[in-house]
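Undergrad: Can you make the complete structure from the sequences, with help from the hints?
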Amino acid sequence: MRELTQQVAELVARNARAGTGDDGADLDTPLRDRGVDSLTVAGVIVDIERTFGVRFPAALITADTFTSVRSVAAAVEELTRREQDA
Amino acid sequence: MTGTVQSYPAVHTYQGISPVQDLGRYPTVLAALADRARHTPDAPYLTSVDGDGPETVLTFGLLDSWSGRLARWLRREHAIAPGDVVALTPLNEPVSIAVLFAILRAGAVCLLVNPGDPAGRAFEQIDSQSAVALLVPPALTRERDPDPRAVIVPDPSQLPDATGGDLPPVRPDTDALLFGTSGSTAAAKMVAQTHRNAATNAEAFVRHHRMQPGDRILGFLPIHHANGVHTTLLSPLFSASHTVLARGFSPFQYPELVQRYRPRLASAVPSVLDTLLQTWREPVFPAEFEYFLTAAAPLSARTCAEVYSKFGVRVVQGYGLTETTNFSTTVPIDLPESEYRRLMLDTAIPSIGTAVYGNEVAVFTASGERARPGEHGEIRMRGHNVMSRYAGNPAATDEAFLDGWFHSGDQGYEVVSAYTPGNFIVITGRTKNMAKVRGEAVSLEEMERALLRLDGVRDAACIALPDPVEGEAITAVVVSPEVSETRIARHLSGVFSANALPRRIVFADRIPRTSTGKIIRRQLTDEIGTNRGTPATPPANDNVTEQP
Numbered sequence: 003m004r005e006l007t008q009q010v011a012e013l014v015a016r017n018a019r020a021g022t023g024d025d026g027a028d029l030d031t032p033l034r035d036r037g038v039d040s041l042t043v044a045g046v047i048v049d050i051e052r053t054f055g056v057r058f059p060a061a062l063i064t065a066d067t068f069t070s071v072r073s074v075a076a077a078v079e080e081l082t083r084r085e086q087d088a
Numbered sequence: 328m329t330g331t332v333q334s335y336p337a338v339h340t341y342q343g344i345s346p347v348q349d350l351g352r353y354p355t356v357l358a359a360l361a362d363r364a365r366h367t368p369d370a371p372y373l374t375s376v377d378g379d380g381p382e383t384v385l386t387f388g389l390l391d392s393w394s395g396r397l398a399r400w401l402r403r404e405h406a407i408a409p410g411d412v413v414a415l416t417p418l419n420e421p422v423s424i425a426v427l428f429a430i431l432r433a434g435a436v437c438l439l440v441n442p443g444d445p446a447g448r449a450f451e452q453i454d455s456q457s458a459v460a461l462l463v464p465p466a467l468t469r470e471r472d473p474d475p476r477a478v479i480v481p482d483p484s485q486l487p488d489a490t491g492g493d494l495p496p497v498r499p500d501t502d503a504l505l506f507g508t509s510g511s512t513a514a515a516k517m518v519a520q521t522h523r524n525a526a527t528n529a530e531a532f533v534r535h536h537r538m539q540p541g542d543r544i545l546g547f548l549p550i551h552h553a554n555g556v557h558t559t560l561l562s563p564l565f566s567a568s569h570t571v572l573a574r575g576f577s578p579f580q581y582p583e584l585v586q587r588y589r590p591r592l593a594s595a596v597p598s599v600l601d602t603l604l605q606t607w608r609e610p611v612f613p614a615e616f617e618y619f620l621t622a623a624a625p626l627s628a629r630t631c632a633e634v635y636s637k638f639g640v641r642v643v644q645g646y647g648l649t650e651t652t653n654f655s656t657t658v659p660i661d662l663p664e665s666e667y668r669r670l671m672l673d674t675a676i677p678s679i680g681t682a683v684y685g686n687e688v689a690v691f692t693a694s695g696e697r698a699r700p701g702e703h704g705e706i707r708m709r710g711h712n713v714m715s716r717y718a719g720n721p722a723a724t725d726e727a728f729l730d731g732w733f734h735s736g737d738q739g740y741e742v743v744s745a746y747t748p749g750n751f752i753v754i755t756g757r758t759k760n761m762a763k764v765r766g767e768a769v770s771l772e773e774m775e776r777a778l779l780r781l782d783g784v785r786d787a788a789c790i791a792l793p794d795p796v797e798g799e800a801i802t803a804v805v806v807s808p809e810v811s812e813t814r815i816a817r818h819l820s821g822v823f824s825a826n827a828l829p830r831r832i833v834f835a836d837r838i839p840r841t842s843t844g845k846i847i848r849r850q851l852t853d854e855i856g857t858n859r860g861t862p863a864t865p866p867a868n869d870n871v872t873e874q875p
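Protein chains in written order, with our numbering: chain H, 3 to 88; chain D, 328 to 875.
Worth flagging that the hints you see were computed from the coordinates, not collected in a lab.
We put the CB at the ideal spot given by N, CA and C, even for glycine.
Don't take each hint at face value.
Unchecked claim - Facing chain H, from chain D, some residues (calculated, C-beta under 8 Å):
| # | residue |
| --- | --- |
| 1 | Arg574 |
| 2 | Gly575 |
| 3 | Ser577 |
| 4 | Gln605 |
| 5 | Thr606 |
| 6 | Glu609 |
| 7 | Phe612 |
| 8 | Val796 |
| 9 | Arg817 |
TA: Okay, here's the thing in structure tokens:
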């Protein structure tokens, strides 16, 4: 889980605007404060799906899922588990 | 204030029709509002949707009432007189909209300022136009503390009716709106649009899109921009259509808005369509939905084709500059499938369509001759939608209006179609040294100057690279042994609005320049563009960068 969270944090940073959110950000820092906004969040979604081989269903493309690194990591964890169970 | 239309009659003439003759069904948008309020006061004019919060419906009658009260408040409490410039930092919400109309009804000129602009940039524009007041809607004060010089707009529902005397008559040839352009500096080129400009654009929009009373148009673009003002606020008054205006774009909210409000068309920009293509899973469009209208940035053939195949709807591209009010061209909405395919899908660059009513659009070669179809040159416009002038900058106005046409600076060519009387236009290149980030024009040179003002920055250059999310994204290349990425970003955020900030900051040993010192942007783009997929590699700490 920790490794997954770290990967999510890196993918978020890759899509963030230069020079934002790199000081003092933690797992619960809003993605917006880390330099991810309503357009760049699409890049986060695509990168995560490619990296982890998952696909977010419509029901998970929500503001709640994409609140923070922690909430995104939890959704990815859940999706990965579902796909393993399937 | 006025008189400039008479000074430049050729650039303001449309197919021989004098610039002082009205082309629209109403001479001004205020005349249209008065007519709506008289005949259909209870019909919805605009539904404002704020995030997950409640919606607010402004009827034509309520807009008339609120804007009338606020106009009298402006005259009574702030002695606003006809011809005064009043600045406004609007949000996409009802009080901002009502006070915008109030400024116009008081006979004043509304200077639209981006609420995201840093104070220095905002006041540079406000002071350059000698604005007598800066109005801030209460909604903005809930987000941050207002500038001490600002006047907070009162709640119009609490204001008295009809005290403060009659409102002045407003003539079509007087100034209505001022917009800053992202030219060399924020204040240097301030576009002045008259009431006639606005009325012409509204008439053209209603005709082109065949807007009917009650037709819904879904928008979210900010109303401090020309597109937001004209497409979502002013045009509906001419057709009695109904705008659904979101506070902003959210990929999490947008699909639901389309389902709930069932618009006939939706106003967007290409970067938002790209985002929706990636985030809207299981897209379903209501039966009423006809097309997306995009403008402000070039639409790629790939985006257009993916919207067509995945969403099953067309993208109708339009084009215009603030200098031409809003739209100069738009793709006809009823093109046969084969022609839409030829001009928009099976092509390298989708067309921006044909000239809309009220303005002529033509391509001119470098020698100043009208270009033949297929021949490249500069796109120029003339007609009743061409701005009156750059306010306070006659030299820039003279240059832009040379030879009786407005010189857009954009490059393109014409394409003949059997289905339209006028030629289609294809844009091949935009004004140089400008980036189009999310539809917002950003001057690369202005950003370079801002970077060079930062202590410790030895040289800097900015380039615009294609970006799947933003249309174009700015990369700032900085030569500095000691300044960190964070400090540079913080410095720029004091000068530019958040949207305009560079996506990447890259450190380099040198900026390629010609012998005369000009930045060789193509070489820089080649050097930087090859590894743009990875984030900037800043110095490990604040003082480690190799020097040559």
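Undergrad: All the hints need checking, so say for each whether the structure fits it.
TA: Hints versus structure:
Evaluation of the Arg574/D hint against chain H yields a violated restraint, the C-beta minimum of about 11 Å exceeding 8 Å. Annotation: Gly575/D was flagged as interfacial toward chain H, and the flag holds, the nearest CB pair being 7 Å apart, inside 8 Å. At a threshold of 8 Å, the smallest CB-CB gap from Ser577/D to chain H is about 5 Å, leaving the interface hint in force. The interface hint given for Gln605/D is met, as the beta carbon of that residue sits about 4 Å from the closest beta carbon of chain H, less than 8 Å.
With a least beta-carbon distance of about 5 Å to chain H, the hint placing Thr606/D at the interface is held under the 8 Å criterion. With 8 Å as the threshold, the beta carbon of Glu609/D comes within range of chain H, its nearest partner Cβ sitting at about 5 Å, so the hint holds. Hint on Phe612/D is violated. Least Cβ distance to chain H is approximately 14 Å, over the 8 Å limit. Look at Val796/D: its Cβ gets to within about 5 Å of chain H, closer than 8 Å, so that hint holds up.
Annotation: interface hint on Arg817/D holds; nearest CB of chain H at approximately 7 Å, less than 8 Å.
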